[in-house]
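Protein chains in written order, with the working numbering: chain A, 540 to 700; chain B, -9 to 207.
Note that these hints are calculated values from the structure, not bench results. In this text the structure is predicted, and so the values were computed from the model without any measurement. Just to be clear, a hint being listed does not mean it is correct.
[Unchecked claim] Partner residues aside, some chain A positions facing chain B, computed with beta carbon under 7 Å:
no.: 1; residue: E562
no.: 2; residue: P622
no.: 3; residue: N624
no.: 4; residue: K625
no.: 5; residue: L626
no.: 6; residue: D651
no.: 7; residue: T652
no.: 8; residue: Y653
no.: 9; residue: M656
no.: 10; residue: E657
no.: 11; residue: G659
no.: 12; residue: C660
no.: 13; residue: K662
We put the CB at the ideal spot given by N, CA and C, even for glycine.
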Amino acid sequence: MKYTKNIILLLCLFVGASCVTDEQCRKDRYVRMQLGIYHVTYDGTTKVRTATALSIDSITVKGINKDSLLYNNTKKISNIILPLNKLDTISRYQVTFNNITDTVTILHTNYDTYLSMECGCIKTHKIDSAYSTKHFLDSVSVKTNNVNTSTSAKENIKLYK
Amino acid sequence: MCLTVFTANAQKKIIEPKDTIKTPFYSGFIVQGDIISLATSVIGKSETYSYEGAIQIDFKHKFYPIIEVGFAGADRISTVNNVGFKTDAPFARIGIDFNLIKKKPNSKPNSSLFIVGLRFGMTKFNYSLTNLTITDEYWGGSESVYTGSQSSARTWWEIVAGVRVEVIKNVYMGWTVRNKNQISSDVAGAPAPWYIPGFGANASSHWDLNYTIGYHF
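Let the sequences and hints guide you as you build the complete structure.
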């Protein structure tokens, strides 16, 4: 009885250790572009434009010529996170703000990025330019060109109302 | 006063013994092979293999410049995603060992060695990565990447320590522990080898063990 605990502990350690394998991908493979939505106000006296985050009541997003929705009538959000096309240099999205639809187009360069044997390869991107139709939106600007695993928290595109 | 000086000189003569057995500067050379890498490569069904040997010159039983040469490779398929890696290439290391066991005056050179040393290793090799594909889950489609042969040249340095014992006349056996540290490094985002011949799995550093058998000529 005295040694039972120790034996069980050793067995647990052995079993635990035997389940551990090195063949796992422990690297970040998440590559997404982040777009922030802003409302621009213009102060006539100071002649200064100020952009403030705009919360949209309802937003629906899908890729042009794609059926599946990336956002489906999502409420009260001021930024959206979208996948760029990995195998093409142009990504076009149909974005419906409340009931008004715009087409946002992103031109980008894709790069093969090797991570490891277990993680394989991912595509990272560099945004070359961005533009949109102007039904709801007024303009689009590129804030951060690079889209990779380390820029997932950064805003890449600003959409101005 | 004179007696004191005379006594001191007499003592000095007694304290300073002469080493009558002189060790020649060039004391031969040792040819040796690594048993561990040979055994694991031939007997074990490992994903990697390595065969290596060395020529070591014996200077005064103190300094042992060494050249190690070998041939190593790897053939592995990841069970996670079926990505394959294959390489084989020669490698070389040059360096020097120092015997830390001091010879006592008027004694024969000690047949056992406790050595510490340094190595500089190098290899140039080609490798292939297979089944590397990128799939676009949303927009659709997939493509294979890095399909051709990749080339790489790697360098590293090692600290070694070990013992060597003369088991029968002129035949030495012993083990060496190595701490290997890579000088060259991977370029972020570029394909990188999983295995480096002569160094081992691609990491900034790791430990290794050799068990050698050699003949002193």
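Given K662 (chain A) as an interface hint, is its Cβ closer than 7 Å to any Cβ of chain B? Holds. Min distance 6 Å.
Could you check if E657 (chain A) really has its C-beta closer than 7 Å to a C-beta on chain B? holds (5 Å)
With chain B as the partner, please determine if T652 (chain A) meets the hint condition of a C-beta pair closer than 7 Å. Cβ of T652 (chain A) sits 4 Å from chain B, so the hint holds.
Interface hint compliance - E562 (chain A) to chain B, C-beta minimum distance less than 7 Å: holds (5 Å)
Identify whether the interface hint at D651 (chain A) stands, where standing means a beta carbon of chain B within less than 7 Å of its own. Holds: closest Cβ of chain B sits about 5 Å from D651 (chain A), inside 7 Å.
With a cut-off of 7 Å on the beta carbons, see whether Y653 (chain A) makes it to chain B. This hint holds: Y653 (chain A) lies near chain B, its Cβ roughly 4 Å from the closest one there, short of 7 Å.
Hinted contact M656 (chain A) with chain B - closest CB pair below 7 Å: holds (5 Å)
For the hint on N624 (chain A), does the least C-beta distance to chain B fall short of 7 Å? holds (4 Å)
Does G659 (chain A) pass the interface hint, meaning its C-beta sits closer than 7 Å to a C-beta of chain B? Holds, because the Cβ-Cβ distance from G659 (chain A) to chain B comes to roughly 6 Å (cut-off 7 Å).
Agreement of hint C660 (chain A) with chain B interface, Cβ distance less than 7 Å: Result: holds, 5 Å to nearest chain B Cβ.
Min Cβ distance, L626 (chain A) to chain B: is it shorter than 7 Å? holds (5 Å)
Less than 7 Å between beta-carbons is the criterion; does K625 (chain A) satisfy it with respect to chain B? holds (4 Å)
The structure shown violates none of the earlier numbered hints.
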